[in-house]
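Novice: Chains A and B, in that order, give the protein sequences. Take the first sequence: its letter number 139 is residue 139 in the numbering used here, and every next letter is one higher. Take the second sequence: its letter number 232 is residue 232 in the numbering used here, and every next letter is one higher.
Any given hint could be a false lead.
Said to hold, decoys possible - Derived DSBU-like pairs: lysine-lysine, alpha-carbon spacing no greater than 35 angstroms straight-line:
no.	chain 1	residue 1	chain 2	residue 2
1	A	182	B	24
2	A	43	A	122
3	B	24	A	122
4	A	122	B	121
5	B	217	B	132
6	A	43	B	217
No lab work stands behind these hints: they were computed from the structure.
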Amino acid sequence: MLHGYGSSILEGAWLTVNLALTAMALAIVLGLIGATLRLSPIKWLARLGEVYTTLIRGIPDLVLILLIFYGGQDLMNRIAMALGSTDYIDINPFVAGVCTMGFIFGAYLSETFRGAFMAIPKGQIEAGLAYGMGSAQVFWRILVPQMVRFALPGFTNNWLVLTKSTALISVIGLQDMMFKAKSAADATHEPFTFFLAVAGLYLMLTSVSLLVLRFLGRHYSVGIKAAEL
Amino acid sequence: MILDYNLIWENLPLYFGGALITLKVLLISLFFGLVLAIPLALMRVSRSPLINFPAWLYTYVIRGTPMLVQLFLIYFGLAQFEAVRQSVFWPYLSSATFCACMAFAINTSAYSAELLAGSLKSIPYGEIEAAKAMGMSRVTLYRRILLPSALRRVLPQYSNEVLMMMQTTSLASIVTLVDITGAARTVSARYYLPFEAFITAAVFYLVLTFILTRLFKLAERRWLAYLAPRKY
Chain A
1 MLHGYGSSIL
11 EGAWLTVNLA
21 LTAMALAIVL
31 GLIGATLRLS
41 PIKWLARLGE
51 VYTTLIRGIP
61 DLVLILLIFY
71 GGQDLMNRIA
81 MALGSTDYID
91 INPFVAGVCT
101 MGFIFGAYLS
111 ETFRGAFMAI
121 PKGQIEAGLA
131 YGMGSAQVFW
141 RILVPQMVRF
151 ALPGFTNNWL
161 VLTKSTALIS
171 VIGLQDMMFK
181 AKSAADATHE
191 PFTFFLAVAG
201 LYLMLTSVSL
211 LVLRFLGRHY
221 SVGIKAAEL
Chain B
1 MILDYNLIWE
11 NLPLYFGGAL
21 ITLKVLLISL
31 FFGLVLAIPL
41 ALMRVSRSPL
51 INFPAWLYTY
61 VIRGTPMLVQ
71 LFLIYFGLAQ
81 FEAVRQSVFW
91 PYLSSATFCA
101 CMAFAINTSA
111 YSAELLAGSL
121 KSIPYGEIEA
131 AKAMGMSRVT
141 LYRRILLPSA
151 LRRVLPQYSN
161 EVLMMMQTTS
171 LASIVTLVDI
181 TGAARTVSAR
191 YYLPFEAFIT
201 AAVFYLVLTF
211 ILTRLFKLAE
221 RRWLAYLAPR
231 KY
């Protein structure tokens with residue numbers, strides 16, 4: 001049915017999963033930094049965090065991808081030339097994809113993390129400090145386990161959007177499953193078949209993610225009472 | 001000077017034309033998306049699985065697959081079938097603008113339907129009981145009480161969806177439409193100024209985001225005034 005392109009698309013799917021996971025790891029780091037900035041008592045740092053989240057959320061993913069991949073590459077080369085370098089800098093689409101996606105979803109996640117952080121009663125932090133824990137210990141032992149629970153719904157949402165957004169990276173030439181499907185569709189003149197297959201793979205990916213994250217949600221909410229309506 | 005904005009300045013009309021296309025595609029897809037979303041939302045709040053399940057499946061599949069795949073399925077995919085190419089719809093289905101609007105409308109209908117269904121479910125039950133006590137039929141209940149209230153209450157979440165949709169329309173540039181992103185791609189390719197070209201597009205989108213946010217604030221003040229915190 002797929003004219004022997006099945007394995008090539010599966011390879012692309014593997015790349016898509018890798019891209020999504022790596023980008024998410026970067027986004028979590030950036031999101032934590034962004035949330036810390038926004039919660040910072042120092043005015044200009046909080047302002048910086050706000051500018052980051054507002055700017056990124058107001059610009060389409062596709063424009064940011066094109067801007068960072070083509071624009072960033074061109075700008076780096078112009079700067080390198082101005083500095084007297086003759087080497088041409090070439091950005092790898094995978095790296096560009098990870099950076100762009102990480103950068104975009106870092107902004108969304110910083111909002112999620114900020115909300116989760118603010119949902120934890122301040123007394124718990126004070127209690128931790130009173131017990132003689134350092135601020136790192138308070139962060140890892142008291143804040144993180146509870147933040148996971150508060151952040152999971154927002155995180156799930158962001159993860160799903162990120163997974164789906166990876167399809168856009170094919171536009172800058174990364175050979176993910178979308179790219180592979182497009183090549184196969186052009187070669188066989190059966191675009192519907194191949195894009196439907198990709199749609200199915202994405203649906204599988206999002207469904208599995210939902211199941212895993214729902215399980216995690218239950219795990220981190222152990223001992224939490226919810227009122228029955 | 002590392003950056004060169006003279007050429008961008010000369011090509012601003014192209015960007016403004018692009019902004020018009022972006023807005024046109026956005027308005028058309030939002031309109032048809034909402035028209036489709038209302039019956040879908042009503043199906044989603046139904047207790048009968050026979051009515052609920054098809055709508056659930058529709059929103060699940062649409063929300064679980066990337067917009068780009070949906071767009072490609074409609075724009076490139078449908079041409080695979082001889083029957084489609086022979087049909088009377090072919091002149092429409094071979095147009096990029098039509099396909100983009102259709103794909104976006106289908107996409108936003110799924111998201112809006114879920115938002116609207118959530119809003120319908122969150123209506124205070126007292127309102128429904130009062131309507132029933134007044135002797136309203138189901139149809140009247142939906143027409144006079146449930147839908148007007150749900151459509152108002154959904155406004156804050158729907159404004160988010162509209163902003164997301166505005167950003168999504170940038171995908172239209174991949175199927176040859178010259179919207180804001182398309183204008184940037186044209187300028188970038190013609191003069192090889194990718195950085196300046198896409199930064200300009202980003203500024204256009206930011207301005208549009210800002211305007212839309214303000215419009216929704218005004219709409220909320222108009223239609224959700226009764227839910228706003230009291231001002232002294």
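Novice: I'd like to know which numbered hints this structure contradicts. Please list them from smallest to largest.
Specialist: Violated: hint 3 alone.
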